[in-house]
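> The residues making up each chain are set out below.
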Amino acid sequence: MNTLKPTPLERRFFTPGVIVLCVLALNGYAFLLARFLFGIGAVTNLSNQYPWGIWIAVDVAAGVALAALGHVMHREEYTVVIRPALLTAMLGYTFVALGVCIDLGRWYYIWHPLVMWNGTSVLFEVGMCVMTYLAVLYIEFLPIITERFIGRVALPGLLSRMNALVESLLRVLDRSLGKVMFIFIIAGVVLSTLHQSSLGTLMIIAGPKMHPLWQTPVLPLLFLLSAIAVGYPMVVVESLLASRSFKLKPEMDVLSRLGSFAATLLGLYLAFKVGDMVIRETFVYLSEFTTESVFFAVEMVVGIIIPLRMLLSRKVRHSPPLLFVAALLIVLGVLLNRINTFIVAYTPSYGLEPYFPSFGEVSVTVGFVATMILLYRAAVRIFPIISVPKPSHERGTKYALRGGSA
Amino acid sequence: MENSQTGRRNFLKHAALLGAGLAPVAARNAKAAPDNVLSEDRMGVLVDTTLCIGCRSCEWACKAAHELPTKPLHDYQDRSAFAERRRPDDRALTVVNEYDAGEKFPVYVKVQCMHCDRPSCVSACIVGAFSKQASGAVTWDSARCIGCRYCLVACPFQIPAFQYEEALRPDIVKCDFCFARTDSGKLPACVDVCPMEVLTYGPRGDLIKVARERIRRDPERYEPHIYGEYEAGGTSWLYLAGADFAKLEFPDVGSKPMPGTSEAIQHGIFAYFIPPVLLYALLGSIMWIARKRSESESEEPYEHP
Numbered sequence: 001m002n003t004l005k006p007t008p009l010e011r012r013f014f015t016p017g018v019i020v021l022c023v024l025a026l027n028g029y030a031f032l033l034a035r036f037l038f039g040i041g042a043v044t045n046l047s048n049q050y051p052w053g054i055w056i057a058v059d060v061a062a063g064v065a066l067a068a069l070g071h072v073m074h075r076e077e078y079t080v081v082i083r084p085a086l087l088t089a090m091l092g093y094t095f096v097a098l099g100v101c102i103d104l105g106r107w108y109y110i111w112h113p114l115v116m117w118n119g120t121s122v123l124f125e126v127g128m129c130v131m132t133y134l135a136v137l138y139i140e141f142l143p144i145i146t147e148r149f150i151g152r153v154a155l156p157g158l159l160s161r162m163n164a165l166v167e168s169l170l171r172v173l174d175r176s177l178g179k180v181m182f183i184f185i186i187a188g189v190v191l192s193t194l195h196q197s198s199l200g201t202l203m204i205i206a207g208p209k210m211h212p213l214w215q216t217p218v219l220p221l222l223f224l225l226s227a228i229a230v231g232y233p234m235v236v237v238e239s240l241l242a243s244r245s246f247k248l249k250p251e252m253d254v255l256s257r258l259g260s261f262a263a264t265l266l267g268l269y270l271a272f273k274v275g276d277m278v279i280r281e282t283f284v285y286l287s288e289f290t291t292e293s294v295f296f297a298v299e300m301v302v303g304i305i306i307p308l309r310m311l312l313s314r315k316v317r318h319s320p321p322l323l324f325v326a327a328l329l330i331v332l333g334v335l336l337n338r339i340n341t342f343i344v345a346y347t348p349s350y351g352l353e354p355y356f357p358s359f360g361e362v363s364v365t366v367g368f369v370a371t372m373i374l375l376y377r378a379a380v381r382i383f384p385i386i387s388v389p390k391p392s393h394e395r396g397t398k399y400a401l402r403g404g405s406a
Numbered sequence: 001m002e003n004s005q006t007g008r009r010n011f012l013k014h015a016a017l018l019g020a021g022l023a024p025v026a027a028r029n030a031k032a033a034p035d036n037v038l039s040e041d042r043m044g045v046l047v048d049t050t051l052c053i054g055c056r057s058c059e060w061a062c063k064a065a066h067e068l069p070t071k072p073l074h075d076y077q078d079r080s081a082f083a084e085r086r087r088p089d090d091r092a093l094t095v096v097n098e099y100d101a102g103e104k105f106p107v108y109v110k111v112q113c114m115h116c117d118r119p120s121c122v123s124a125c126i127v128g129a130f131s132k133q134a135s136g137a138v139t140w141d142s143a144r145c146i147g148c149r150y151c152l153v154a155c156p157f158q159i160p161a162f163q164y165e166e167a168l169r170p171d172i173v174k175c176d177f178c179f180a181r182t183d184s185g186k187l188p189a190c191v192d193v194c195p196m197e198v199l200t201y202g203p204r205g206d207l208i209k210v211a212r213e214r215i216r217r218d219p220e221r222y223e224p225h226i227y228g229e230y231e232a233g234g235t236s237w238l239y240l241a242g243a244d245f246a247k248l249e250f251p252d253v254g255s256k257p258m259p260g261t262s263e264a265i266q267h268g269i270f271a272y273f274i275p276p277v278l279l280y281a282l283l284g285s286i287m288w289i290a291r292k293r294s295e296s297e298s299e300e301p302y303e304h305p
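Protein chains in written order, with the working numbering: chain A, 1 to 406; chain B, 1 to 305.
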């Protein structure tokens, strides 16, 4: 047995890298403020011909695919990566919701879909699923919070009278969560499956406005398969980044195994993507030299074929830098696929000038990503998320307290 | 504001959903949505582009009827507006463009919402802010809209416009077939003002007969095609032209209703909620079996579902 246990990290928060992230985040907020004061048109390059830009393609569509890693596995031997993955998923989906919100013209009506239903709307289904899924992710995160605070509740000042009450609430929560958590874990997987595929269905109604390389009735299946394929690579990227940033030993045992799973899933995705292309005979568009054909080729070769070939090699799977590169290519490939589906493929016949994201749009997206990384960094200092190889000295205490309450 | 028939139907739909929570009800109603409001004598407009002289009076009348800021009618004589290709937007619900289709005279084409029989916007809207009225009009309800612009993505004719410069309460803007005017027995403003009788307002079925008769009588003058009769599953607005419709920038949208594929997929995935529930049950049992196996090590075994 190894002695790894998730523990709050004791690291300096501010480093030069963190300060850069803070600057990027603040820059994003400045443009966000302008968006709320002067309207969407003041900050973005969106138009009546191109109504959706990178806020939808990257913040929402790619965000949903890349943050789906929360449910990739719930097996004992993967404990070391489950909690960081859950944190990433929770932060990712929170920012997906924020991304949707800032893109809505009437953002304060974001609750409308809860009471105004339209069963034929794919967007309605995506919205409901994402909202429910976000709630499920928060519930799944609760045990980490109870673990952190049980036996350690110390509210400041007058509130300290509430200590005992909060303490007992946490204990009740902790005990009941253990019994019902499986409901939420399964619900999470089902909801994921539903909205990952429906995000693909979203663009089908655009019909001939979508380039045939991407417009296919199997879009939902391709979106689902790619979201499943990108789950493990995302865990690998995140885990290797975190262990480097926090100067811990990379979890290569687990990660190289995830690498070989990823290869299988990526192969499946590739098979369906090529099969779709052959059946609909869309490969003819690849002989033309257009923006669409180039982006499609990059997505296929750099985002799928090269990393797949890499992951099939044992050497790559056991080398942290090479495994990182392969996993990162897959992640970027899926990111590019979402950008392609929502932006590059969208070529309306009356498009007066093609859409290219404005500096403000990019700033807001970058600002959101920076904020997410900062929150991740803060969370791993507060909560027991990252496994560190020292036996936890609090372990005995916690169990003693738990026993006492039972 | 909202048509009472559609409104009541929506209410019933929601009441059924909320009350019983029954998926079969949801699926049946959702599928039926646009079909059962299509009345046999729903109205339409026939646009005979061979008669249009490009006076743009319709643009003026439209703005006046919808209380949009407009220059005086006289200023619309200015032909320089034809220098650039224009699209309807939040300040103009209809525009007229000029085309050189290789004929003796230029061709003028009025553009506005086509008022589809199976509208994408009605199908796509996340909150059901669009409705297909029994009269044929496709209308938008400001009280529901959240400004997500999925209608702009969905519309095959790229008609709905969004108020990008409006910070607090941006609207979706498009031709509403003068719903308020026709409801009180008046003609749509553009039809009313047109001095050349380019626009004919009437029951859609009759208009198709009129259009066919015009093509039959003067096959030299007309392309043998009524744009809108079958396009995107049929539209309330119908066009006749003397030149190839593709040359006049009419989009090739096919004859199937635009929401068809996405609704079919959607109803496949959610058929009576059976697939999601089956998936849930399947995963539940896998998890339960896995738990059973490792139960001896587990201090707190999960109860199976």
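A hint or two may mislead.
To be verified - With a straight-line Cα cutoff of 30 Å, these simulated DSBU-like cross-link-like pairs (lysine-lysine) come out:
no.: 1; chain 1: A; residue 1: 249; chain 2: A; residue 2: 315
no.: 2; chain 1: B; residue 1: 209; chain 2: B; residue 2: 104
no.: 3; chain 1: B; residue 1: 63; chain 2: B; residue 2: 292
no.: 4; chain 1: A; residue 1: 179; chain 2: B; residue 2: 104
no.: 5; chain 1: B; residue 1: 292; chain 2: A; residue 2: 5
no.: 6; chain 1: B; residue 1: 186; chain 2: B; residue 2: 209
For the record, the hints were derived by calculation from the structure and aren't laboratory data.
> Hint check: residue 249 of chain A vs residue 315 of chain A, CA-CA at most 30 Å. Holds or violated?
Measuring from Cα to Cα gives roughly 19 Å; hence the hint holds.
> Can you confirm whether the C-alpha distance between residue 63 of chain B and residue 292 of chain B stays at or below 30 Å?
71 Å, violated
> Holds or violated: are the alpha carbons of residue 186 of chain B and residue 209 of chain B at most 30 Å from each other?
Cα-Cα ~23 Å, so holds.
> Please verify whether residue 179 of chain A and residue 104 of chain B have alpha carbons no more than 30 Å apart.
With a Cα-Cα distance of about 81 Å, the restraint between residue 179 of chain A and residue 104 of chain B is violated, given a limit of 30 Å.
> Does the structure keep residue 209 of chain B and residue 104 of chain B at a Cα separation of 30 Å or less?
28 Å, holds
> Take a quick look at whether residue 292 of chain B and residue 5 of chain A sit within 30 Å of each other, Cα to Cα.
The hint holds at about 25 Å.
Checked against the numbered hints above, the structure violates hints 3 and 4; every other hint is satisfied.
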